[in-house]
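S.K.: Take the sequence shown: its position 10, counting from 1, is numbered 10 in the working numbering, and each next residue is one higher.
Hints were generated in silico from the structure; no laboratory data involved. Careful, some of the hints might be misleading.
Below, computed lysine to aspartate or glutamate pairings styled on EDC-like, alpha-carbon distance capped at 16 Å [stated by the list, open to error]: (1) 141 / 227; (2) 204 / 59; (3) 84 / 100.
Nothing here was measured: the structure is a model prediction, and the numbers come from that model.
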Amino acid sequence: MRQAISQTMRCASLNSCTRLLSTSGAHIPPLNTVLLLGSTREKRIGHRVGQYLVSRLDERGGHNVTVLDPRTTGDGFFMTLMEKAHFHYTKDETIPPILDETASILRAADCFIVCTPEMNHTISPGLTNMMNYFGSAVYSKKPSGIATYSAGMWGGARCGVGLRAYLGELGCIPVSATFQQAGAWKKGAFDDEGRLDEEGAAAKSAGRMMEQLEWHAHAMRVARANDV
Numbered sequence: 001m002r003q004a005i006s007q008t009m010r011c012a013s014l015n016s017c018t019r020l021l022s023t024s025g026a027h028i029p030p031l032n033t034v035l036l037l038g039s040t041r042e043k044r045i046g047h048r049v050g051q052y053l054v055s056r057l058d059e060r061g062g063h064n065v066t067v068l069d070p071r072t073t074g075d076g077f078f079m080t081l082m083e084k085a086h087f088h089y090t091k092d093e094t095i096p097p098i099l100d101e102t103a104s105i106l107r108a109a110d111c112f113i114v115c116t117p118e119m120n121h122t123i124s125p126g127l128t129n130m131m132n133y134f135g136s137a138v139y140s141k142k143p144s145g146i147a148t149y150s151a152g153m154w155g156g157a158r159c160g161v162g163l164r165a166y167l168g169e170l171g172c173i174p175v176s177a178t179f180q181q182a183g184a185w186k187k188g189a190f191d192d193e194g195r196l197d198e199e200g201a202a203a204k205s206a207g208r209m210m211e212q213l214e215w216h217a218h219a220m221r222v223a224r225a226n227d228v
């Protein structure tokens, strides 16, 4: 009985806080948003797609963005195939500092955007190699947004399907809207400032995904704070 009452009180607190987020003019702390890039290729378009997503987040405001790139984070530490996960180190073992640093970034995140090319109809191995160093404890109870791109006409849609199962298993359930950019390597896909056509399908899909991500991230941050 006491557990039921306690749960009811926590839910009431959550409902109150979410109403406050949507109706008050009170200052809302920015979301800690982590953008994870999936391409490890020397010649790639992924960094431009990532830069575009960061610029859109900056325009929307309310985000502190951290980019994790397997090619550059930790001087390329994540370019090496994983042999030992962060959570497998014992107390008497020395953990590579970059693993502790990255784990802290992921643990402090309010939401994630996973930006990856489609490779052979599935997820980039560079992305899963980087993310698999860490367990669901740092990802769970937070939303994620899927951002895929490809050289073809489907914009990485098949990769996005695989990401839903993968991210769901880590506990960072993806929102329904996805960013998909077809023909990412085509000349003129980005303008001179790294922008996409605002009236194009890709740009519009980015806005829908980010809008959903923000709503869920704010609500889930309140839920975590209230231990709901």
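S.K.: Now tell me if each hint is right for this structure.
M.R.: For each hint, the structure was consulted:
Simply put, residue 141 and residue 227 have alpha-carbon atoms about 11 Å apart, close enough for the 16 Å limit, and the pair holds. A hinted pair counts as satisfied when its Cα atoms are at most 16 Å apart, and residue 204 with residue 59 qualifies at roughly 14 Å. For the suggested pair residue 84 and residue 100, the alpha carbons sit about 13 Å apart, so the restraint of at most 16 Å is met.
In terms of the numbered hints stated before, the structure departs from none.
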